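Visitor: Assemble the complex: chain W is given as a structure, and chain E must be docked to it using the hints.
Chains W and E supply the protein sequences, listed in that same order.
Quick note on this note's numbering: the first sequence kicks off at 140 and runs consecutively.
Quick note on this note's numbering: the second sequence kicks off at 140 and runs consecutively.
Keep in mind that the hints were calculated from the coordinates and are not lab data.
These numbers were taken from a predicted model, which means no experiment stands behind them.
It is possible that part of the hints are untrue.
[Said to hold, decoys possible] Just the calculated beta-carbon pair ranges, DEER-fashion:
#1 A212(E) x P236(W): 41 to 47 angstroms
#2 I208(E) x R292(W): 55 to 61 angstroms
#3 F153(E) x K155(W): 43 to 49 angstroms
#4 R267(W) x K155(E): 44 to 50 angstroms
Even glycine gets a Cβ: it sits at the ideal position worked out from N, Cα and C.
There are 2 protein chains.
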Amino acid sequence: MSPLTITGLRGVPFVKAGDDLGAITIAAYAETGLQPEDGDVLIVAQKIVSKAEDRIVNVSTVEPSEQAIALAAEVEKDARLVEVVLSESRRIVRHRPNLLIAEHRLGYVMANAGIDHSNVAPADGVDRVLLLPVDPDGSAEALRATLAKRSGRRIAVIISDSFGRPFRRGTVGIALGAAGLPAVIDWRGHPDLFGRTLEVTETGFADEIAAAASLVQGQADEATPIVLVRGLSWSAPDAPASELVRPAEHDLFR
Amino acid sequence: MSPLTITGLRGVPFVKAGDDLGAITIAAYAETGLQPEDGDVLIVAQKIVSKAEDRIVNVSTVEPSEQAIALAAEVEKDARLVEVVLSESRRIVRHRPNLLIAEHRLGYVMANAGIDHSNVAPADGVDRVLLLPVDPDGSAEALRATLAKRSGRRIAVIISDSFGRPFRRGTVGIALGAAGLPAVIDWRGHPDLFGRTLEVTETGFADEIAAAASLVQGQADEATPIVLVRGLSWSAPDAPASELVRPAEHDLFR
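Isolated chain W (complex conformation):
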């Protein structure tokens, strides 16, 4: 079996609202000295997708509700930021000073509903924050289709973010959106080496790929927001990243 390779694509510019991520990706392949190939998996950082989709909110224009003001006092955060978190969320899952864990409207349980203000350029001293894409699976599918059209190649796309976790310290890369691969692989019915049914029933395939890509994406350096994983194969049917979200009624920890 040939090794998996994980390569940060070079030459990705600062992304602005309206930018064409398909064109940026094709150019980044060339800049890295590579050609798109069938079976490539591209992991694209959520931040550049959100920027291209103009998901920036100018916090100074936000009018916080009474609920946001009360919650902001409890968590010791800016009430306008808390208002934006509430507007993106179904509900608040846990909170304490300096920590606000929300169930995003798409089901992700995450700090601040995924709203981030690092690596967003300040504009005239105004604080701006970045929301998640409206439909990360849809964004992944749109980029997958664009790349298929322009390159003629079968390329899968994952839109990645970093999540904190219950029980364990440190964030890890996860898949917010996916297209062209199985975000979850169902192993039920597969025998183990001794013919017994495997105890692991499902693997978070796209989450593992996003975690692998995160090793190359880095944190402070936005120069590698697009990462190429080459050498993966799978036989399970495609499934979007929404399948990675455990339905609340099957979740013992929500």
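Guide: Same frame as chain W, but now just chain E:
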């Protein structure tokens, strides 16, 4: 930046109690056509570490306690298996029919306290299960030291397992033990691209590496329980995988 490569080492035999994992690893490098190099990271599946350490329990010899019998009825599992889970755990975190989530004595919150009976050879029709290593960080350090001595190379070692997760479907690879690298990297104080402090404060470095390796380890095929990741670099100080366990008093979900 050269790409990361992730390679499943070839020729790893079925591991038995008392086997020398250092010798097995050195032979697997050779079988794969590779030489150990400084900076290599080896991810070793927990199962072969547990087997080498003879952490197999013959379930038929276990006498279940009254507590185990009562809990087994609730979760619809074998009372002797539940007794083994209880003996490895500090407490039961959640349970329902067919699901038993325990806090392992080392702090991991995981299904069945990590006790597994897939890929354990049945002996004379007797059901045998595999416990986690007694001290996974210690096992990683012992293997790291052995490899350093035999190869003269600086090689980091991760002992990996697959965990289910709250909120998300599918298991992902995680690090149970680590030596020679920072299992957690602390980014506090690092500026983002615009000089603002990063919002991500800690990354689960060893967990991301274990997730990446899991893409190559596979599920049913035990032929690649040792995976080599080459091309990683880091500047943070070494930290064992026990640092990945969030202390219960800082955990909002336990």
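Visitor: Now tell me if each hint is right for this structure.
Guide: Hint check:
1. Hint check: A212(E) to P236(W), Cβ distance near 42 angstroms, so the stated range 41 to 47 angstroms holds.
2. Take I208(E) and R292(W): their Cβ atoms lie about 58 angstroms apart, and the range 55 to 61 angstroms holds.
3. Separated by about 56 angstroms at the C-beta atoms, F153(E) and K155(W) break the suggested range of 43 to 49 angstroms.
4. Checked against the hint of 44 to 50 angstroms, the C-beta distance between R267(W) and K155(E) comes to roughly 60 angstroms, which is inconsistent with it.
When the structure is compared with the earlier hints, violations turn up for hints 3 and 4 and for no others.
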